[in-house]
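Produce the entire structure from the sequences given, and follow the hints as far as they go.
Chains as they are written, first to last, in the working numbering: chain A, 1 to 96; chain B, 1 to 370.
Check the hints yourself; a few may be wrong.
[Said to hold, decoys possible] No farther apart than 20 Å at their CA atoms in a straight line, the calculated lysine to aspartate or glutamate pairs in the EDC-like style are these:
id, chain 1, residue 1, chain 2, residue 2
1, B, Lys295, A, Glu72
2, B, Lys163, B, Glu13
3, B, Lys295, A, Asp71
4, B, Lys261, B, Glu347
Worth flagging that the hints you see were computed from the coordinates, not collected in a lab.
Computed from a prediction, not measured in an experiment: that's the story for all the values here.
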Amino acid sequence: MTHADVDDGLVRYFDAELAGLRVQADGGNAAIGSRLASREMFEGRLTGRRIDEGNPPWQWLEVGELTLHPDEFTDASVWCELSYIYPLEPVRAGGI
Amino acid sequence: MESNPLHTRLCEEYRCEVPVVAFAHTKDVIAAVTNAGGIGILGAAGATPDELRSSIKWIRERVGNRPFGVDLLVPASFVEGNREDLEAMIPAGHRDFVSKLQADNGIPDPTPDNARRGGLGPELLRHSRALLEVLFEEKVSIFASGLGSPAFVVERAHEQGMKVWGLVGLPRQARRQVEAGIDLIVAQGYDSGGHSGTIGTFTLVPEVINMAEGTHTLVLAGGGISNGRQLAAAIAMGADGIWTGTIWLATHESETPMFLKQRLIESQAEDAIQSRATSGKPIRQLRSKWSDAWKQAGAPDPLPMPLQPMLVSNVLAGINQGKMEDWMTTPAGQSVVGIHSIRPAAEVVFSLVGEAQDQFDRMAGVPVGV
Chain A
1 MTHADVDDGL VRYFDAELAG LRVQADGGNA AIGSRLASRE MFEGRLTGRR
51 IDEGNPPWQW LEVGELTLHP DEFTDASVWC ELSYIYPLEP VRAGGI
Chain B
1 MESNPLHTRL CEEYRCEVPV VAFAHTKDVI AAVTNAGGIG ILGAAGATPD
51 ELRSSIKWIR ERVGNRPFGV DLLVPASFVE GNREDLEAMI PAGHRDFVSK
101 LQADNGIPDP TPDNARRGGL GPELLRHSRA LLEVLFEEKV SIFASGLGSP
151 AFVVERAHEQ GMKVWGLVGL PRQARRQVEA GIDLIVAQGY DSGGHSGTIG
201 TFTLVPEVIN MAEGTHTLVL AGGGISNGRQ LAAAIAMGAD GIWTGTIWLA
251 THESETPMFL KQRLIESQAE DAIQSRATSG KPIRQLRSKW SDAWKQAGAP
301 DPLPMPLQPM LVSNVLAGIN QGKMEDWMTT PAGQSVVGIH SIRPAAEVVF
351 SLVGEAQDQF DRMAGVPVGV
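Here you go:
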């Protein structure tokens, strides 16, 4: 892992061992002030970029090269929470 | 000793009297259901931290030590971007369509509410964390995560004596939550209101129960449940209780406007449609002139989240502030078909339990209604 950048409470760092790993992920969110949310599914490759927020750390990994995403999704990548990321390839000892 | 099938592990562990959990955005519903022997879970998405704190205190003053909780829509994914860049991505044709809709139908401009202005990207995380801190500070006994995994706060919550619940729409999400030591999983099927999953309740629930078997994790059935026959079915499948939302919208205590309560009573299951017109994502809700307008010939496809809410949030606020009844809607599940009248929440609890008991009596060969 490379050094971390702290940006307004977010710790951003790069995890080279994970870059390129093919994964599926269950996502979804709601806008602040909204009672409406979504559930969505993604498949792609981890970019290696990570964000940890707060304490205890809430861990996020960026998924790019998306081959599966909601029809209306237009972004090139998405940040997904660690708990709902499912590797589709063998992963290092100790997991993601 | 006779066993009571409605006295489940949920009742044992949470000291509630009946295995009925009510999700609602109205704190009065939460207090009424909790005092009737169930468990009320306040939907706090959309609230500010101060509003949430105030609601928790209000409920606690009315229910004392009885169990209640708070549901937050913690995110499971987000995209980065600043508001200005995203605004620029909204096509002129969509802006024209919405402006014309507003002008043609007399939809007023709303009073601004900056406290609720939609956040993006990491701002979502900070907002969720701020609401979570309120739960920890107020020592709310149950935190329910209505969307993303709550695994990241389980240890801290348990240290404080709090229980952590998670709503799932897929078996693999349930597996991760069981592994993370979540206290209770709500297996929420496709027929539920709002952000439902893609799997039907009767398929999802038994699979999740199998995963949780032999662990400390309890399972509730959710999605499409509005009567005691379904409560009995959930218990018979092995669930520890039911998670319900839509049926509380038309109770006396609910803040749902009266005309929407009337529409809920008149609605059939097929009137709870999935539409992307409000948020850009499929949300199961009551059909309205707003959802119809986006289906009419010549209407553009709704934009993706977050562009669609950025495009339409002002107009929707105008509809709500102007109380334009035919244009307003509410998230609602297919269980809307089970709403027949406006009743006190406690009466709904008693009906659910009474009907379920009748089913168990029938299965046991006991004459029902004699």
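Results of checking the hints against the structure:
no.: 1; hint: B:Lys295 x A:Glu72; result: 16 Å, holds
no.: 2; hint: B:Lys163 x B:Glu13; result: 10 Å, holds
no.: 3; hint: B:Lys295 x A:Asp71; result: 17 Å, holds
no.: 4; hint: B:Lys261 x B:Glu347; result: 16 Å, holds
Hint violations for this structure: none, all hints satisfied.
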